[in-house]
Amino acid sequence: MLVLVDGHNLIGKLPDISLDEADDEARLITKLRRYRARTGRNIIAFFDSGGSYKLSSKRTKGGISIHYAPHNKTADHLIISHLQRARHPRQILLVSSDRAIQQVARQVRAGIISSTDFAQELETRPASQDDEADVQLSKEEIEAWLSLFGASQ
Numbered sequence: 079m080l081v082l083v084d085g086h087n088l089i090g091k092l093p094d095i096s097l098d099e100a101d102d103e104a105r106l107i108t109k110l111r112r113y114r115a116r117t118g119r120n121i122i123a124f125f126d127s128g129g130s131y132k133l134s135s136k137r138t139k140g141g142i143s144i145h146y147a148p149h150n151k152t153a154d155h156l157i158i159s160h161l162q163r164a165r166h167p168r169q170i171l172l173v174s175s176d177r178a179i180q181q182v183a184r185q186v187r188a189g190i191i192s193s194t195d196f197a198q199e200l201e202t203r204p205a206s207q208d209d210e211a212d213v214q215l216s217k218e219e220i221e222a223w224l225s226l227f228g229a230s231q
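Residue numbering for the sequence shown follows my numbering, beginning at 79 and increasing consecutively.
Read the hints as simulated data drawn from the structure, not as lab findings. There may be inaccurate statements among the hints.
Said to hold, decoys possible - The calculated lysine to any residue pairs, modelled on SDA-like cross-linking and capped at a C-alpha distance of 20 angstroms, are:
1) 139 to 79
2) 136 to 126
3) 109 to 224
4) 109 to 202
5) 91 to 105
6) 139 to 227
7) 109 to 86
8) 109 to 138
9) 136 to 86
10) 139 to 126
11) 109 to 192
12) 139 to 122
13) 139 to 101
14) 109 to 222
15) 91 to 177
16) 91 to 175
17) 109 to 199
18) 109 to 226
19) 109 to 143
20) 109 to 200
21) 139 to 100
Using the sequences and the hints, build the whole thing.
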């Protein structure tokens, strides 16, 4: 199953990440990597450009595909487009509380989970999982994230 994540919508529902934080997207991706390691699901996270990107941008980090909307579009637009073009939409799970995006998901018969419910799922750990099982970032990945968000070590 492919999980499409409305990134900023989900961040707004997480108790330990704020949209005001400079590293909010990187922190969400870390959580999604843990979720992917636990479930084996492929994930695409969509984000608005934040004003600094003129062109759309795609990158992959730790098995998570990350798509940034170009300056003149929104992440919502990218998600809707992806849903409408999907060959097998019933194998997609949309993570968003945005009603317009949910409506498109219903039309193509994709699965839907609200950002609130998925946030709870992200925070839930199986009883057998311990802290040592957390996904670790490589030095190169840390440097790439710091560079992406304008921070330096």
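Numbers of unmet hints, in rising order: none
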